[in-house]
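Enquirer: Each chain, written out:
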Amino acid sequence: MDSKQSGTISLLQGNEAIVKGALAAGCRFFAGYPITPASEIAELMSINLPKVGGTFIQMEDEIAGIGAIIGASLAGVKSLTATSGPGFSLMQENLGFACITETPCVIVNVMRGGPSTGLPTSPGQGDVMQARWGTHGIHPIVVLSVSSVLDSFEITIHAFNISEKYRIPVIILSDEVVAHTRESITIPDQTGFEEVNRIKPSVPPEWYHPYEDNSRGVPPMASFGDGYRHHVTGLVHDVHGYPTQRVDEIDAFQRRQFRKITNGFYEIQMTKSTMLDDAEIAVIAYGSVSRSALRAIKMARERGIKAGLLHLITLFPFPRQTAEQVLRQCRAVLVPEMNLGQISREVKRVNLSSKIEKINRIDGQLITPEEIFKKLLEM
Amino acid sequence: MNDDRYEIRFGGSGGQGIILAAVILAEAAALYDKKYVSQTQSYGPEARGGKSKAEVVISSREIDYPKVITMDFFLAMNQAALDAYFYDFKPNGLLVVDSTFVEQVPTSRVIAIPFTSIARELGRELVANVVALGAVGLLCPAVGAEGLRQAVLGRVPPKTVELNSKAFAAGAEAANAFDLDSLPRSITSDEEREI
Numbered sequence: 000m001d002s003k004q005s006g007t008i009s010l011l012q013g014n015e016a017i018v019k020g021a022l023a024a025g026c027r028f029f030a031g032y033p034i035t036p037a038s039e040i041a042e043l044m045s046i047n048l049p050k051v052g053g054t055f056i057q058m059e060d061e062i063a064g065i066g067a068i069i070g071a072s073l074a075g076v077k078s079l080t081a082t083s084g085p086g087f088s089l090m091q092e093n094l095g096f097a098c099i100t101e102t103p104c105v106i107v108n109v110m111r112g113g114p115s116t117g118l119p120t121s122p123g124q125g126d127v128m129q130a131r132w133g134t135h136g137i138h139p140i141v142v143l144s145v146s147s148v149l150d151s152f153e154i155t156i157h158a159f160n161i162s163e164k165y166r167i168p169v170i171i172l173s174d175e176v177v178a179h180t181r182e183s184i185t186i187p188d189q190t191g192f193e194e195v196n197r198i199k200p201s202v203p204p205e206w207y208h209p210y211e212d213n214s215r216g217v218p219p220m221a222s223f224g225d226g227y228r229h230h231v232t233g234l235v236h237d238v239h240g241y242p243t244q245r246v247d248e249i250d251a252f253q254r255r256q257f258r259k260i261t262n263g264f265y266e267i268q269m270t271k272s273t274m275l276d277d278a279e280i281a282v283i284a285y286g287s288v289s290r291s292a293l294r295a296i297k298m299a300r301e302r303g304i305k306a307g308l309l310h311l312i313t314l315f316p317f318p319r320q321t322a323e324q325v326l327r328q329c330r331a332v333l334v335p336e337m338n339l340g341q342i343s344r345e346v347k348r349v350n351l352s353s354k355i356e357k358i359n360r361i362d363g364q365l366i367t368p369e370e371i372f373k374k375l376l377e378m
Numbered sequence: 000m001n002d003d004r005y006e007i008r009f010g011g012s013g014g015q016g017i018i019l020a021a022v023i024l025a026e027a028a029a030l031y032d033k034k035y036v037s038q039t040q041s042y043g044p045e046a047r048g049g050k051s052k053a054e055v056v057i058s059s060r061e062i063d064y065p066k067v068i069t070m071d072f073f074l075a076m077n078q079a080a081l082d083a084y085f086y087d088f089k090p091n092g093l094l095v096v097d098s099t100f101v102e103q104v105p106t107s108r109v110i111a112i113p114f115t116s117i118a119r120e121l122g123r124e125l126v127a128n129v130v131a132l133g134a135v136g137l138l139c140p141a142v143g144a145e146g147l148r149q150a151v152l153g154r155v156p157p158k159t160v161e162l163n164s165k166a167f168a169a170g171a172e173a174a175n176a177f178d179l180d181s182l183p184r185s186i187t188s189d190e191e192r193e194i
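Just so you know, the protein sequences line up as chains A and B, in that order.
0 is the number of the first residue of the first sequence in numbering that gives the first Met the number 0; add one for each residue after it.
0 is the number of the first residue of the second sequence in numbering that gives the first Met the number 0; add one for each residue after it.
Just so you know, the hints here were simulated from the structure itself, not pulled from any lab data.
Possibly wrong hints are sitting among the right ones.
Claimed, not checked - Which residues of chain B face chain A? A partial, calculated answer using Cβ under 10 Å: (1) D2; (2) Q38; (3) T39; (4) G48; (5) K66.
What the hints assert, rightly or not - Straight-line alpha carbon distances no greater than 30 Å define the calculated DSSO-like cross-link-like pairs of lysine-lysine that follow: (6) A/K19 to A/K50; (7) B/K89 to A/K373; (8) A/K305 to B/K89; (9) A/K297 to A/K347; (10) A/K305 to A/K374; (11) A/K305 to A/K354; (12) A/K50 to B/K158; (13) A/K297 to A/K374; (14) A/K199 to A/K164; (15) B/K33 to B/K89; (16) B/K158 to A/K297; (17) A/K347 to A/K374; (18) A/K374 to A/K271; (19) B/K158 to B/K33; (20) A/K354 to A/K297; (21) B/K33 to B/K165; (22) A/K199 to A/K50; (23) A/K271 to B/K33; (24) A/K297 to B/K33; (25) A/K374 to A/K357; (26) A/K297 to A/K357; (27) A/K347 to A/K305; (28) B/K33 to A/K19; (29) A/K374 to B/K165.
The beta carbon of each residue, even a glycine, is placed where N, CA and C say it ideally should be.
Based on the provided sequences and hints, a complete structural model is requested.
Expert: So this is what it looks like as structure tokens:
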């Protein structure tokens, strides 16, 4: 979170930083439908995409929004859509289509209070499990969370890179607090970070098998118009992309989806550790709540309590190995969330012997450092 | 906590330009004073009306929790916002109110200036927020007045630069009439502090 690098400082909202991150990552297509608290993303994309030769379309709804970005990505263009809870619900069917067709795309969900239209201007973290399991069927998916303006910039770039590298939809979970908070940050030079592009086929068109396995489990992806035959279907398909009923092909297809992500755990599972080295108790937090947690552990340290923070950036695939280390080391772990306990369940799933405490707020308010600190005193 | 957070809150009703004023203040602190800044807001789903508040935290170090914990400075543009958002005021904090709309104040560390009336006299009630910023530049130690003035003028539409410049100066002039040292140092009594 070092915002005092050399360069020009700007004051940006989380949503603005997501737009800057997307453009820096090479995103050149946005389709979506405005919704509080995500509207600024669409608004700024509509202003900035044309300047870099990209395309912005306001669609009739969120179903069409995600449909359009899948189409654009199949044509070879890095694509983004952004929404909040109600729109994210509408996107679930097409999200599954992006999963099974292994189409890279990035979907931002700026979480607000729900269900339904809920609390449009208040933060929430109620969509964590929806992001993981909202679309039906077994499928791997990558869910990243952002906690600050700088995060919103950097993690968006990671999201595109992961999406391209592994041919998988990546969901960025922001929340109303992160999205609308303005912070001073320095956007690094365009050359300052890695940009990953999907691998394209190098074989002649007649040799191309669009879903053929390889060591990485990620088949090269031809764009529509490249001259390669490329059949795309939501049905489980064989290496040619056509529907299959053969059990050996089905099993191989499904398992490859998970294997390619498991192979990438080392770079997909991102966490940030603060004061964990000698910690006896720890907070595991994500999104805006991790900011409160950071202050709370500092308050605890001033009282001589050895507290640390494991800040989750990747929520899914759940960073099990890192969480296990913390759980093994600390006698008690606190998971504060603006829901009734979604990531705390994941923590419990990997828990061995630590005591797990929770703080849950569902009143549309950010959990305060004081609340977390008080709980740490009791632990 | 060992940090130098300075926490500012602006409160008013939707449409008074509360959030814009906070954004300008944050810009001044970040871009002109080169401080770490975090600016947040909360408002209802209504387009106009309803209570609205905006906050700015300024620090020389990275800011963890982005919202106000206890206020050093509170600008209240009407009574409803003052009543609703006064609760976490520091004993030595400073309250500045728009006396056009605020009749009752809950502290003696207060400076009352009729921002909206001054704006009306300038011809546009709309610039009440900039009049208030003029006063903030003078009364708030966490931000430089000149940087704030430049941030205001950098933000407003070109045609309104003159009006906003006047509005900012009028606010500063009104604030200049007050002597901060004449206020009680803290709203808690000496006996209470000793405990």
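Enquirer: For which of the previously enumerated hints does the structure constitute a violation, in increasing order of number?
Expert: The structure breaks hints 4, 16, 29; every other hint is satisfied.
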